[in-house]
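These protein sequences, in sequence, are chains A and B.
Under our numbering, the first residue of the first sequence carries the number 240, and numbering increases by one thereafter.
Under our numbering, the first residue of the second sequence carries the number 1327, and numbering increases by one thereafter.
Please keep in mind that the hints were generated in silico from the structure rather than gathered at the bench.
Take these hints with a grain of salt, some might be off.
What the hints assert, rightly or not - Residues of chain B placed beyond 12 Å of chain A at every Cβ, according to the derived structure: (1) Trp1351; (2) Arg1883; (3) Glu1885; (4) Trp1887.
Said to hold, decoys possible - Output of the computed footprint for chain A on chain B, the stretches with three or more beta carbons under 8 Å from beta carbons of chain A: (5) 1688-1698; (6) 1850-1857; (7) 1907-1919.
What the hints assert, rightly or not - Where chain B lies over chain A, by a calculated footprint (3+ residues, C-beta under 8 Å): (8) 264-272; (9) 350-361; (10) 514-526.
No residue lacks a Cβ here, since even glycine has one placed at the ideal position from N, Cα and C.
Here's the letter readout for the chains.
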Amino acid sequence: MTGFQNVVAAGLVAGAQIVTVSVGGLLLVGVMRKVRSHLEGRVGPPIHQPLLDVRKLFTKQRMHPEQASWVFGAGPVVLVATAVVVAAISPLATTRPPFGRSADFFAIVFVLLLGSVSLALGALDTGTPFGGMGSSRAMTIGALAEPALLVAILAMSIPAHTSNLPVLVRMGLAHPEMIASPARILALGSFVVIILAESGRLPIDNPSTHLELTMIHEAMVLEYAGPDLGLVTLGESMRLTLLLGLLVNLLVPWGVADRPGAVSIVIGLGALAGKVALAGIAIATFEVFTAKLRLFRVPELLAGGFVLAVLGAVTALVVR
Amino acid sequence: MVITAAAGSIAAIAGGALPAKTRVWAAVVLTWGSCIAALVGALAVLHTGQSSVLNSSQILPLTGVTMVLDPLGAVFVVVTAVVAIASTLYWLGYASHGLSTRTASAALPLFVTSMLLVPAAGSVATFLVLWELMALASLMLVLVDQRRREETRSAAQWYAVMTHVGAAAILFALVLLSAHAGDQTFAAIRVHAHHLPTAVRNTAFVLAVLGFGSKAGAVPLHVWLPKAHPEAPSPVSALMSGAMVNLGIYGIVLVGDRLLGGGPVWWWLMVTALGVVSALFGALHAATSTDLKRLLAYSTADNMGLVLIGVGASGMFAASGHRAIASIAMVAALLLTVNHAAFKGSLFLSAGSVQVATGTRDLDRLGGLMRRMPITGAVFMVGALSIAALPPFNGFVGEWLLFQSLLHGLPTSSTAVAIAVPVGVAALALTGGLTAVAFVKAIGVGFLGRPRSEEAAAAHEVPRTMQMGAGMLAGLCVVLGLVPVIVLPALGRAAASAVPGAPATTLSGSVDLHLAGLQGVLAPALLAAGLALATGAVIALRQLARRRFTPQPALRRAEPWGSGRELQTARMQYTATSFAEPLERVFDDVVRPDRDLDVSHVSESRYYVEKVTYWTSIGDVIEQNVYRPVISAVHWWGQRARALQNGSVHRYLAYGLVALVVILAVIT
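Produce the complete structure using the sequences and hints provided.
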């Protein structure tokens, strides 16, 4: 193939991944709500409701608090932009994503962190007690989740001698025994805890709460309305999808396209959608049976995640 | 180097002698001359990889002066020169706020020049003289504000004591080495280092780590840092934090790697442990501080901790024979140092602008400055995002490199190292998270939301030179974040000259960043381009949607939600104290905050509250539990010793005689 064709192909793959993650992310939220409603004995909104909501929000007028500066408006934009970048370069549908050589696990975590920080700053810019409350809590939980996350990455990277994500996924395909290694299982266990914390799910945060004082994430985005709220909703669902997508591809990499070609990539996208939907259903089911933890018990849960990750790193060194 | 020294001394004299109107300008221009001379010399050394040597027996009696600038030292000279140019530019605007006195204009060039020359010192005597000059000049600068603020004197006292205890430890270490080597030039010590007895090597290294660690602000030797940095005028804080503390790191590398040629694993485990403790303690205190400059000072301890982790890891890997990875870890440590100089310099300078504009550094009295001081706000934002290691800024590249070196060094090392490294990574991560909290708090409470005091509400942008000084360093943060390759080859050469026997080029690539022989690639510029592209696309999407649907004005401003209340006031906002409260509770055992709640009721009924007073303060646990007992013991001894001194000349003569006899007895 010529250079030009390469660029077009890379752009198409990136575009396919971005569209799948953004549309699929909103559908995932719909699926999770539906599962929850069914288990609670309600009918629940249709699965595509989040798509309709976001579409409606984009038609509305933008509205900012009186005192807010440009930072308030930049928050949701940066949140979505970081999610888009990660969606483009991560090994979601294929193990050879465009610019996949730069898809370092460490780098991706920090790109996503940029999104959280911009939203936290936007919340503080509202000048209201709730914005500060949400921002403070979200940043605290984020800070405490960080050690578990990075040590989990370390534990997964030691056997592979790299923290490059496409390589990690490809190695899972080539050597299935590596996935079943205690190091990776422990690390992925800790990754699950982190996903719950980072995406504001139960038992850490209740995404459907209506009481300001118990909110974490919802308190942060309380002042956003119209297109800004649409971006926040979109960004958050994309982040959840991305984290789950990485988790499932590290845990069960089968279905991911390992060679170029439109057919294998379409199969890869389908496999991704299926696996992420299953993970989402599992989380939704788990949420029905769980109550929210007290804010000051959350560090204990995260410490548990950290211990799992450290155990993973140590076993990775011992078992090699 | 000669020009550096000459321009520096003339600047000092000019600063001291000229009348008030011209002295600041003269001192600044001459300091620039000194910096540029040093910069040119250092860049030449970095480019060629050859050391430049200067010997003169006339300047210092008995020993003479030996100057040798190698690539390692040159890195520190470049960093110092750049921070100094920015800070002195800032000084032009800041001078009217109490920094135009004769003392200040004489001490500042002296301070800068001595910092430029310390990394070029080539013998023990030269090094110690310059080191001491640097300490004294900076002490004078810390004291500049002493007439106006009571706390300054106590801060300067702490600084003086800590820096001199440190200097004493360095003196012992270097003198011990030169005595055993039989010559006082660094080159001679290096040749003899391998034949020295193990005990001498160990003692010298431990003493050097203590001495230089106290300069670098390593916990538990950091106590002067959160006192002296906030009290010093802001350009001086920027110089101290961006340039001077680095020299502590330089000293440890100089003694450990350059002079002693590396050592056993436990040396470097000790350095790593020091780094881990500093990073965590510093980050935690930065996250809970409410004084803007104190927050920055604690974060300096945190960043130096990360650099020490890099230096320690490099030593450990070199000790277990993996020189290529050791060299990468050293490059990471040097890159972290360079980055720290850029972002901490810009942060201290913009914090100074905030202080000038509002008269306070207390975050709980600030707010809303982003709209009133947009340029200072943006500069602070860039610095804060860089220090929180967020892409696309420079802090991110440094931490990525450190993580990669730890990851790749891990499988090849011994058990002790294998335990130390995950702990190091966890510390790196928790530090990263806490730093993000600290700087989201600093921006969010300081610059966003509503102003919390009348001073903050009346704030105006500072003079242009101050904006330019701070902006220059913030610009460097962006450049280093996008194209770190402009400094990496030079840092690679410096690391090769520091780690004995390491290969020279460890990093390559122009857009991608490759690690030699390892699987690790980062393309910071591509990542940034992707982020910019995505941001543009998202904004375009939003605008497009609006065009299709809405006829109303694009943006409406409205009162935010207050749970149904009509009026929202600035007092209802979260403050820096409340922002950090959850963390404070989680780390209750480490930060040990003092809290007090006082509720008074109205006289008619106990059910109505008249006033609630909540008071909280966070001291330094180490200062209270380690230093206070030592200080009171010294006090106690001082009181006892007063009995010796009753004013009688006869008695003093007797003391002299007894001392003489004892000395003679000992010598014979």
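For which of the previously enumerated hints does the structure constitute a violation, in increasing order of number? 2, 3, 4, 8, 10
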